[in-house]
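> If you want the building blocks of each chain, they are given just below.
There are 4 protein chains.
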Amino acid sequence: MYSNKENVNILTSLLVAHGITHAVVCPGSRNAPIVHNLNECPDIECFSVTDERSAGFYALGMAQALKRPVVVCVTSGTALLNLAPAVAEACYQHVSIVVVSADRPASWIDQLDGQTLPQPDALGRFVRKAVSLPEPHDDETRWYCNRLVNEALVVRHAPVHINVPITEPLFGFSVAELPLERRIEFSPADMSPATLSHITHMFLQAKRPMLVSGQPMNPLYDEAVGLVGDDEGYIPDFVLYIGGSIVSKRLKRFLRKAKETWVVNETGEVADTFMNLTHVFQGDGEAVADHIRFMMVMEPHPFVQKWDELLARIRTQASAYEPAYSSMAAVKYFEHYVGDAEVHYANSSAIRLANSFAQHPVWCNRGVNGIEGSLSTAAGFSCATDSRVFCVIGDLSFFYDQNALWNQNLGGRFRILLLNNGCGGIFNMLPGLEQSPARDAYVAARHHTSAEGICQQNDIVYLSASDMPQMRAGIDTLLNIESERPVLLEVFTDPRDDEQVMKDYNKICKI
Amino acid sequence: MYSNKENVNILTSLLVAHGITHAVVCPGSRNAPIVHNLNECPDIECFSVTDERSAGFYALGMAQALKRPVVVCVTSGTALLNLAPAVAEACYQHVSIVVVSADRPASWIDQLDGQTLPQPDALGRFVRKAVSLPEPHDDETRWYCNRLVNEALVVRHAPVHINVPITEPLFGFSVAELPLERRIEFSPADMSPATLSHITHMFLQAKRPMLVSGQPMNPLYDEAVGLVGDDEGYIPDFVLYIGGSIVSKRLKRFLRKAKETWVVNETGEVADTFMNLTHVFQGDGEAVADHIRFMMVMEPHPFVQKWDELLARIRTQASAYEPAYSSMAAVKYFEHYVGDAEVHYANSSAIRLANSFAQHPVWCNRGVNGIEGSLSTAAGFSCATDSRVFCVIGDLSFFYDQNALWNQNLGGRFRILLLNNGCGGIFNMLPGLEQSPARDAYVAARHHTSAEGICQQNDIVYLSASDMPQMRAGIDTLLNIESERPVLLEVFTDPRDDEQVMKDYNKICKI
Amino acid sequence: MYSNKENVNILTSLLVAHGITHAVVCPGSRNAPIVHNLNECPDIECFSVTDERSAGFYALGMAQALKRPVVVCVTSGTALLNLAPAVAEACYQHVSIVVVSADRPASWIDQLDGQTLPQPDALGRFVRKAVSLPEPHDDETRWYCNRLVNEALVVRHAPVHINVPITEPLFGFSVAELPLERRIEFSPADMSPATLSHITHMFLQAKRPMLVSGQPMNPLYDEAVGLVGDDEGYIPDFVLYIGGSIVSKRLKRFLRKAKETWVVNETGEVADTFMNLTHVFQGDGEAVADHIRFMMVMEPHPFVQKWDELLARIRTQASAYEPAYSSMAAVKYFEHYVGDAEVHYANSSAIRLANSFAQHPVWCNRGVNGIEGSLSTAAGFSCATDSRVFCVIGDLSFFYDQNALWNQNLGGRFRILLLNNGCGGIFNMLPGLEQSPARDAYVAARHHTSAEGICQQNDIVYLSASDMPQMRAGIDTLLNIESERPVLLEVFTDPRDDEQVMKDYNKICKI
Amino acid sequence: MYSNKENVNILTSLLVAHGITHAVVCPGSRNAPIVHNLNECPDIECFSVTDERSAGFYALGMAQALKRPVVVCVTSGTALLNLAPAVAEACYQHVSIVVVSADRPASWIDQLDGQTLPQPDALGRFVRKAVSLPEPHDDETRWYCNRLVNEALVVRHAPVHINVPITEPLFGFSVAELPLERRIEFSPADMSPATLSHITHMFLQAKRPMLVSGQPMNPLYDEAVGLVGDDEGYIPDFVLYIGGSIVSKRLKRFLRKAKETWVVNETGEVADTFMNLTHVFQGDGEAVADHIRFMMVMEPHPFVQKWDELLARIRTQASAYEPAYSSMAAVKYFEHYVGDAEVHYANSSAIRLANSFAQHPVWCNRGVNGIEGSLSTAAGFSCATDSRVFCVIGDLSFFYDQNALWNQNLGGRFRILLLNNGCGGIFNMLPGLEQSPARDAYVAARHHTSAEGICQQNDIVYLSASDMPQMRAGIDTLLNIESERPVLLEVFTDPRDDEQVMKDYNKICKI
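Each protein sequence line maps, in turn, to chains A, B, C and D. The numbering used here numbers the first residue of the first sequence as 1 and each following residue consecutively. The numbering used here numbers the first residue of the second sequence as 1 and each following residue consecutively. The numbering used here numbers the first residue of the third sequence as 1 and each following residue consecutively. The numbering used here numbers the first residue of the fourth sequence as 1 and each following residue consecutively.
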């Protein structure tokens, strides 16, 4: 029988899954549930050592002999600090020790309750990874707990620390079986031909494989996922995710229904965006994707084709849709004529429109989705290229970053399409928010500012448009005019029109 | 109507309770629930500023003008980082700004989901206090949330940061009233006569006041609380807590029933041990306690007398109880004869026995309750005093720290009473743990070691006892022998006897 | 004979000066110079304990017995980590332990050289203060070393950590005497009447006392110090510094010639601005200053009078000086008529001009002297007061923070005097910088921007001036016009004129 | 002409060497020396942007366009904090930005001097590497400065931060040429065949190549280097270092004379042990070494042979040397008979003796060279292997870690050779230390303890020896006896004898 503590059981299950066979355990009451569990596991042998400092070095010696990670498990309080010398030694010897410490719940630290001190980061830089497990109370925290343990256990050649807060009562042992926990595997090697083959093979053999890349474009996927609805025939069983942020929340939710996801990225970070990650490969995701696409040219995959057809259908509809005068109309027109320039989209509404209408790769600050630097990023880009650089940007992002225009570096190569509807347009699309009286003034920051003044101040060629013909003419000029100085076209729209057009478009895409 | 998010409502309620009147708010969707709430509060005026960097300085300017804290509220992601310049400036100007940032739940950080970065410590040392609120799902997390907000808002003359993770859905606004939240007040001044009077007055005027001090002795309170049971007549309405750790868990639980606690301590830390703290005074708690005791000599308080009588009654019973041969018998005998020497108790069973039988203040490492240094602390103490120094210690603590004896500094002034029952005795008292097969070997670390070898190694005079007469004779010798070298008496007992005696004693005390 | 290591000797000298009498020393070669020194000091008794974990608790026990700080000295590497349990216990018991660790020089950390690990912050939050001493190679590093040791040793009721990097060769012991080191004393108590009297008495009894306060005004002191030159008759022997940043570098250098400085500030921070600090009092500096000023009304102090006369003389000259058209002319005219409004000055040239011409307290972000928030701070201030708020600001600061104007909160109460000379004016005053070809374009950021556009964008009333009569008329308008909206006057000047006028003014002040 | 600031010039030289071509520069005075230098470099183009927040995003945009790192250079104070949003975005986009910030010298932080705040770690976890350069005042600090810049610039796909403290006077520009700085190259890829060939080729083509590995054995190299003295014919021109700590300080000093070192290690850390590192390859050093050894079997290299002959000669002498009764005699005898068991050596004298007499790989905690866990490590090792495990250990290490014996896990497989000369033997060998009166009692911790007691306490078979015949018999027993329990042989020697034998041995080796 195992402990009644869910995080302890998740931990135990994953220790076994990751191949742990030896554990040095130190006496204590707070860690008794963990020690109990380790002792129950047939695959793990326990060694009791009372002095924790000595116990740490026992684990080091065992790990040297076994050439694989060894657990050392201590109770809360200074017990953990006694491990520091062995952990430091292991760190510099590049030996794996898995420190497991029991802890009080975070809410009780520094409240003059017994044996509490700040444990989660107590081993400092001597551990490569330190995690502190939640006590799960719903599926999301259960997922989180699993992920944290996996993140620690995929580390190689270095000590790690798993801190386990446990609420009283501590001593219940009536769980008959450990939960079957998803294990995440990690392949740190650069992409060898064998690995490449392995991934490709997995993809092509899957019944319903899907290749996903973000940063910042998954064109029309948001629409597609909306159209698919609950049709299980479109849910992939195998997702290969080669990194980059996904703009569409709907797409992310959809991919959480897949059976498993393999990730390839250059830094080897464990990002479990779809909550079903099972493999992480450190390597060049784009190269893997190219290889798979090449293989599929030879031998098309029916599920991939099915999705391609779906996307093509939506593209046709989107292309046929003629929005009334609005931000969307401006972006659609712009994208129709822009050709192969470098195009930067700002966050919020702008990048969402790009995902519907752009025909080419675009740039966007999707790392942390801030609005403060979109204009500067595009401006800086224009200083280091010979191509034309366009920036499509909403009003809040533009004015926020207007200092991007205040310098001597810019020239006629840099052009701006400013979508000004007098507020953060995106806030009008958020369901539920309309009930708040604070929305317009404080959340969406309604304003009546125009870019004309700042353009004058910085010697930027200024154009504006307030209706469809002006907008079209303006974009034509923006795209074609010869100019020594940057050019800006400000397209004024009404936020209610923008909202309406978006609703119509969404309806169209559902047909 | 207020947000449906409980942590947001707790925060809002406490902002009002702490006297906030001005808030600079920056647009965003994640922080919309907070902005909504601020806008709903009649006592708070909101000012919308879109550029967060500028907003931070707005808050600084307002706080300068008002000479009280001003809130600046931002959404998740880099929004927070834009505040850093203003927060740094406020830090060096010693101006209070309360940074409130919305955040994604911790489980989603670094999972390539939008606008997530590690926010809780993002403002570094420029804020005096940074807290990240839980999303409450039970009373304990609700209490924790309240406490964290209070901890941030009691800070004066410095910026603070309150990070607020909010789970989706974000936009529900159907809570009719803010919760009435306990506010913790903080008095940073040293103890002025007026403050002293104020506290004393509160104490003496209370119906059922109780003075509590720890570190490490609340003699017989554990027994008393057990005896009192559910009798409401003994529950205090006003607790004055002058610091130090409380050994008895039962006492701590009991004091949580009190209406409120005032704390006096020298560092001004906010430790909410009894979950009902309302005032913290920075100052010398012992001096306050002395003053109150002096006042009560003049005018006794009936509730305090009632408790004194209860404790006296238990003392009589404890005194009358004659334990069979056991650790308890040894400590009782030792305490009867030790007189006014300096006595150090080790953690675990030893200090628990002191709380029943010691007649004088004792020393114990209750800061973090570690077992690794009890012997060394007592040994070090003996190097810096002319008094005799005794150390009463269990076997695990003793052997753990046996290197305390390996040096040339010790002399006959230092004497040790070693209670050796072959395991961590305390583990036998923990209800539920007996069900675990791991208890004896791995949790309680049963062993068969004696101190004789280490005493020989370090030239310590060694005595031992295995029955009542030997123990009494041994203690007599330990107390009275002249010696140039340290003296150790090892009292061997059976852990089952120790357990039985403890049970009997507990029964006696319930009569 | 003492060690040849200068930082070790400074440390030893200050340990004695701060009253250390007991040291627990652990064997090692890297710390041998320190142990040697401690053993040489007649005032310090050494106790050798080999196991560092035990040694830490020895020090704790001694500090308990002595009720004053005890040193524990360890060698480099994991030795330090072994102290963590005792230090954590001392932290929660509020007992003072002074951890002294020898270290390799920082340049050798993590270079696979023996016994090196990152020591300076290894004890984390369990020590109140952690410093790592430089190995002095000139007077400034010697001062720095002294200050760091003092900063650690003034801490009370908490462990501290002094890390001592020592370069090889380690073993030279030929220094005959310890250096006589300046000790900094710290008084944590709030200002009692006795303390107030003590400080006042010291001030009034001093031969040449000087009261200094910053943040942000020491009007005309820069000029005065320039005039005084090397005249020793004006150098104070006792400086009472009540906090705030000093704008004038010349004044700071001058005050370093004083014999000693006492500081009064609310946070009790140890800021050794004049390099001669000897006492820090935690308390309200303004109250102390008021008291002293009051006392001097009754009994004037000749040295203070001498300085007052000097400043009055300079004031007369400054007042009489009629600058040609320039930023200075604008500020002088503005200050002559502004009356008692709230005036914010931006950093750089603006606040320097205020120090010459303002007749009243002003506001300025001198905490960290950033330029990014001056306008926002003033704007925010205007939202929380009923007074008129003026902001005097240079061009770089203004455009940098122009988003301060992009919101709906501002009204006619807020007015801006913008000094636009097309570059960071201050850079023209920095001697030596003119030799760099990068100065104009890259260091001073020359530009040709006007505020007119941004004012139009944000509906700010815009005025401008390009010569003396326009400037005077503009300022009259700025001061007197009724307006619902903010008003801005942009005064355009030539940076060469600004530079010339400043030179002339400096000449005048030297007469 | 370049700046007179040495750290600025080292930085500039390496920026060029690492291929930087674009720099975004922000105005300021503290960073003027850096901006000046960048502007002087023909290979670097500067772009002036005044708002640092915007400047950061300019750099991001440029780095996107160029697909290589771009510098952004800011002045001290909050300027740096304004970069945080762009740096966070770059971090999540995996784009390289090199943040260069000017700073005040560390000694002036928080002293109320202008524009100072704690800069070195201000960008937190958003930069992969943050370094703060010294202001060089000798060759070692110059080396340190070079190394830190290299450490930052080898990072790929992530922002880094180089902080540059600069002492006044700031503005001198009279250095005619940048220093020619050693560039360190980094190859992050796992070992491809091409890389393996490249390294092998470099090695075999070198005139005087040397293969060095540590952890913890470079047998007889210490002696060899002593014998070689100043003979330049033995100095390598190309060192291939495959990691692990070098025990011999003399060897490390010797290798600093080599022209350059290439390092191969698994973590890719940049450890410049010999101060002449030029290439770091992330990979399996042992595999590279094997390959090279294999190649040299086919085609021996004369310089390598020359060294092999030297080592062989010393081995003969060492082998022929018959030490008098001493620790050395014990180790020599032990090593002669031990065969192929697993042997752990403790730090200090023990591992030094192993480097002279061991004939096989040994284990030793050389990560951080602590003495606190050698016995526990060996003990733990014995719990996870079927081989016999010996631990050769000095007295201080043994008693320090005697708790290693206090548990139920050990059996007859584990055997200890304790070299007890009553003190830390190594301290007698440190030249200069004998002048300190503190040496014996406090530095070397002389004691008179025997292990007999602790062996009795823990049921360890105890043997001892006090002369040559006993020692030999004891070792025979230690090696051959059948036992269910661990066996310990304590060899008592006189530290003066140990010292004398070591001196004689050193003399022998110089012949």
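Hints in this document: simulated from the structure, not taken from any laboratory. Keep in mind that a hint or two might mislead.
Below are the EDC-like pairs computed for lysine to aspartate or glutamate, each with C-alpha atoms no more than 16 Å apart in a straight line [claimed, not checked]:
id	chain 1	residue 1	chain 2	residue 2
1	C	67	B	452
2	D	249	C	113
3	D	257	D	284
With the Cβ distance kept under 10 Å, some of the chain C side facing chain B (calculated, not the full set) [said to hold, decoys possible]:
id	residue
4	54
5	61
6	198
7	201
8	205
9	211
10	213
11	265
12	267
13	341
14	377
15	385
16	401
Far from chain C by the CB rule (all over 10 Å, computed), these chain D residues [as the list claims (entries may be wrong)]:
id	residue
17	27
18	40
19	204
20	232
21	337
22	372
23	385
24	436
25	441
All figures in this text were calculated on a predicted structure; none of them were measured in a lab. Where a beta carbon is used, it is the ideal one built from N, C-alpha and C, also for glycine.
> Now look at each hint and say whether the structure bears it out.
Hints and how they fare:
no. : hint             : in the structure
1   : C:67 with B:452  : violated, 34 Å
2   : D:249 with C:113 : holds, 9 Å
3   : D:257 with D:284 : violated, 26 Å
4   : 54               : holds, 4 Å
5   : 61               : holds, 3 Å
6   : 198              : violated, 16 Å
7   : 201              : violated, 22 Å
8   : 205              : violated, 27 Å
9   : 211              : violated, 20 Å
10  : 213              : violated, 14 Å
11  : 265              : holds, 9 Å
12  : 267              : holds, 6 Å
13  : 341              : violated, 13 Å
14  : 377              : holds, 4 Å
15  : 385              : holds, 4 Å
16  : 401              : holds, 7 Å
17  : 27               : violated, 4 Å
18  : 40               : violated, 8 Å
19  : 204              : holds, 25 Å
20  : 232              : holds, 24 Å
21  : 337              : holds, 30 Å
22  : 372              : violated, 6 Å
23  : 385              : holds, 25 Å
24  : 436              : violated, 4 Å
25  : 441              : violated, 6 Å
Violated hints, listed in ascending order, are 1, 3, 6, 7, 8, 9, 10, 13, 17, 18, 22, 24 and 25; each of the other numbered hints is respected by the structure.
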